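Novice: Residues per chain are reported as follows:
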Amino acid sequence: MSRYALWAVTWALIVLVLLMSPAVVVAEALKTGLQPALASLSDPDAQAAIWLTLEVTAVSVLVNTLFGILAAWVLTKYRFPGRSALLVLVELPLSISPVVSGLVWLLLFGAQGWWGSVLEQAGIHIAFAVPGIMLATIFVTLPYVVRTLVPLMEQQGRDAEEAAMLAGAGFWNILWRVTLPGARVALFSGILLTTARAMGEFGAVSVVSGHIPGMTETMPLHIESLYNGYQTVAAFSMAALLAGMAMMAVLLRSVPERLARRKEAQA
Amino acid sequence: MSVRVEHLVRNAPGSARRLLNDVSLDVPRGAFVALVGPSGAGKTTLLRAIAGLDNFEQGALLLDGQPMGSMRDRARKIGFVFQNYALFPHMTVAKNIAFGLDVLPRSERPSRSAIAARVQELLELMQLPDAGASYPARLSGGQRQRVALARALATGPGLLLLDEPFGALDPIVRRSIRSWLKDLHERLGLTTILVTHDQDEAVEIADRIVVMQEGQIVQDAPPEDLNRNPQTPFVMEFLGESSSFSGTVRDGLMVPDEAGILPFSVPDTVPPGPITAMARPYEIQVYTGADLLAAQATVSLVAEGVRNGYRHYRAQLLERSIPFCVPDYTEGRVKYQDSVMLNISRARLFRDGVLCV
Amino acid sequence: MKQAVLSFLRGGGSALPGYRLALAATLVWTGFFILLPLSALIIRPWQDGVGAMVAALHDARMFAALWTSFSCAFLAALLNIPLGLLLAWTLVRGDLPGRRVADAVIDLPLALPTAVSGITLATLYGPQGWLGAPLAKLGLVLAYSRTGIVLALMFVGLPFVVRTVEPVLKNLPRDMEEAAVLLGARPWQVVTRVIIAPLLPALLTGFGLALARGVGEYGSVIFIAGNQPFKSEIAPLLIVVRLQEFDYAGATAIALILLLMSLLALVLVSLVRWRLSVWGEQA
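Chains as they are written, first to last, in this note's numbering: chain V, 1 to 267; chain Z, 1 to 357; chain G, 1 to 283.
Honestly, the hints are just simulated from the structure, not real lab data.
Values in this document were obtained by computation on a predicted structure and should not be read as measured data.
Check before you lean on any hint, since a few could be wrong.
Derived DSBU-like pairs (lysine-lysine); straight-line CA-CA distance at most 35 Å [as the list claims (entries may be wrong)]: (1) Z/K77 / Z/K182; (2) V/K31 / G/K231; (3) G/K170 / V/K263; (4) G/K170 / V/K31; (5) Z/K95 / Z/K182; (6) G/K170 / Z/K95; (7) Z/K77 / G/K170; (8) Z/K77 / Z/K95; (9) G/K231 / G/K137.
Just need the whole structure built from these sequences, with the hints factored in.
Specialist: Following this line, the structure appears as structure tokens:
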């Protein structure tokens with residue numbers, strides 16, 4: 001009896017608190033039908049926002065995956081002084097407010113920043129331009145690949161790597177043929193998390209972007225200006241697209257696990 | 001507290017596979033019973049059913065002749081020691097032991113000083129007088145074991161159920177805690193049921209052994225009886241190493257199929273026909289009489305050294321080798337020679353999987 | 001010291017190749033993307049002189065905003081503890097029908113981009129929203145107030161509590177609960193005495209993560225908050241406002257305090273966890 005009550009409460013909570021929000025997104029986007037929703041997405045500014053988001057996401061994922069793999073290698077295969085400090089450092093962006101994550105780049109490259117005016121004179125625009133958006137996004141998404149790789153690689157120890165070394169393999173061979181294949185599920189998951197976060201980052205990007213429609217607006221920023229401009233349908237259509245992309249990335253993470261489970265069940 | 005299990009049936013959850021298949025067991029007050037068997041035989045399932053931790057599909061369970069009441073009625077009358085002790089890691093040893101008293105409703109709960117006194121008494125009984133303030137994580141395996149036992153005994157249960165209580169201990173601690181437990185059982189007048197997969201342990205500690213296989217009880221007897229008259233080849237093998245020899249009973253003689261083994265006479269009660277003889281290594285003897293025919297003597301011996309007061313050998317038959325041993329102090333050690341035969345007249349005889357008497 | 005430096009340069013004596021290369025890459029990466037901007041954050045406020053910093057700190061609006069952010073984040077994290085515990089419990093032990101769907105949905109707030117959750121929550125709880133309209137009839141106004149902020153932060157923080165409690169609950173041996181039952185404990189006694197305590201470190205961590213996240217949260221809050229100075233203005237928003245006023249010193253001062261608050265929350269949590277570690281491996 002009490003068990004059913006518990007189930008009812010849980011599902012009520014899940015529906016009311018969690019499931020309601022995607023439902024609202026879809027409902028608001030389709031309020032006037034599918035046609036206006038699709039039309040709003042083919043607006044040139046919307047197209048530009050989508051392309052910029054994809055661009056920024058690609059760069060962030062690339063940088064943070066490459067360096068994240070190397071950092072995870074250093075942090076798990078060696079014990080050296082300063083290791084724990086480095087572990088804390090790579091997780092730090094997680095506990096920093098997105099707005100602050102954007103602000104720090106203005107302090108370096110903004111008009112009143114340390115190097116802002118010098119670079120500006122040299123014709124290099126970082127703040128309120130695309131490079132600033134990329135820097136802020138890289139900062140915010142920096143921890144995800146490392147922190148999914150580290151626990152797994154730590155647990156795997158370094159026996160396999162040492163065996164490979166004794167068999168004559170060099171660094172890149174060990175990394176490519178021994179370590180990464182063993183960690184590919186975690187790596188995949190980390191990359192997808194990075195992707196989802198990079199696409200959806202709002203606060204940090206909002207601070208460093210100039211909010212110029214068609215130029216420095218990513219999808220989340222474009223959603224904001226549409227929403228504040230009372231273009232509800234367009235805002236929610238873009239929101240639905242963005243949420244769909246981000247959630248797809250998050251949901252894809254469980255695919256390798258499910259494949260493995262199926263393979264196990266067959267065997 | 002006496003326990004009576006009648007025709008108990010329990011299925012695996014959500015399937016028709018039977019974990020317990022018509023199990024009946026009678027444990028009188030004061031008995032020390034060991035449930036033994038290979039893993040998956042249903043020992044722990046039976047023990048958990050007796051404790052009321054799992055439900056069963058059919059059958060009855062009587063404690064002191066009464067059907068089981070609710071969990072709360074039964075709780076304090078049964079002490080249960082889990083395989084991995086299940087100590088509460090966030091409580092001190094003293095709090096762990098006192099748990100069963102602390103959760104009593106206020107009207108039934110002993111005073112705080114009475115609880116403390118009871119805990120100290122148990123700690124001393126467990127030979128851990130100073131451990132009260134420590135957390136379980138700080139204790140060794142043997143100490144945790146004893147704390148778990150003290151916790152189970154704190155409410156003064158009449159029945160003690162132990163699920164593989166020595167599994168995680170090293171051999172030396174195991175041996176000492178075993179005899180100490182036996183002593184405790186007698187001193188407190190408990191009824192104890194112990195689950196183990198170690199037949200030596202069971203033989204040493206219990207006064208009755210229940211052998212289980214595939215959800216059923218195959219034999220229920222005192223240790224000596226079990227050793228002398230194992231009901232099935234499975235029990236024979238489970239209790240210790242043994243070799244089996246097939247043959248035929250003819251004119252009151254068991255004639256082994258393999259060359260190199262002497263025929264021997266069997267009781268008149270064994271009817272003629274095919275039969276299996278099983279013997280333990282120390283029951284196999286070597287015959288080196290002068291009347292050996294060279295043709296029959298196809299057994300050669302390989303010595304394998306001395307262990308535990310026995311000299312071990314391997315007798316090489318045509319297709320396999322049979323281990324056997326003789327006490328180290330016997331005169332005239334077995335000689336290496338080719339012309340011997342094996343005498344297995346002390347073997348138990350089985351036909352159709354049942355002991356022939 | 002010399003030994004530490006040598007050990008640092010040599011990778012603590014492991015013969016595996018690639019140490020220096022990977023270490024150098026890691027240092028460049030973390031140095032440029034984390035250390036450099038953070039040191040700017042720490043040094044910058046003092047560059048205009050101590051006077052400017054003191055002036056920046058003399059700002060009632062700033063303290064009101066910081067207090068709003070902190071108190072709302074604290075309340076939201078606190079309310080998320082029982083909710084998160086309930087969800088984790090039914091997911092792990094409750095044989096919840098539709099468990100797999102529920103399990104996937106828990107991560108929704110993490111997966112949903114903050115701007116999307118922001119406009120969604122504002123629409124949902126707003127005066128004309130699916131939930132806001134009926135509640136407004138009952139006299140409960142949720143959006144455009146601190147209540148709205150707390151709601152948004154609860155939404156964002158819930159997965160943190162569930163996901164930190166869940167694995168610990170999963171590893172909690174069931175026989176501990178059985179032992180308690182056999183010793184006569186009633187169901188509520190099992191929960192309060194045997195289950196909560198081993199989960200405490202995880203609950204605390206979840207609370208700390210939700211708090212740290214909530215203090216700095218921006219996107220999911222600003223649409224529902226109302227953003228009235230001194231009432232429903234959160235600190236991150238005030239940073240943005242100050243930046244628009246080109247008041248870098250003011251913005252940086254708030255950012256620095258915000259950062260310290262998040263870090264303090266995490267440090268306090270790990271201190272308490274460490275205190276609880278006497279319980280052994282569980283903690």
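Novice: Next step is simple, just say for each hint if it's right about the structure.
Specialist: We went through each hint and held it up to the structure:
no., hint, result
1, Z/K77 / Z/K182, "holds (20 Å)"
2, V/K31 / G/K231, "holds (33 Å)"
3, G/K170 / V/K263, "holds (24 Å)"
4, G/K170 / V/K31, "violated (43 Å)"
5, Z/K95 / Z/K182, "holds (26 Å)"
6, G/K170 / Z/K95, "holds (24 Å)"
7, Z/K77 / G/K170, "holds (30 Å)"
8, Z/K77 / Z/K95, "holds (20 Å)"
9, G/K231 / G/K137, "holds (23 Å)"
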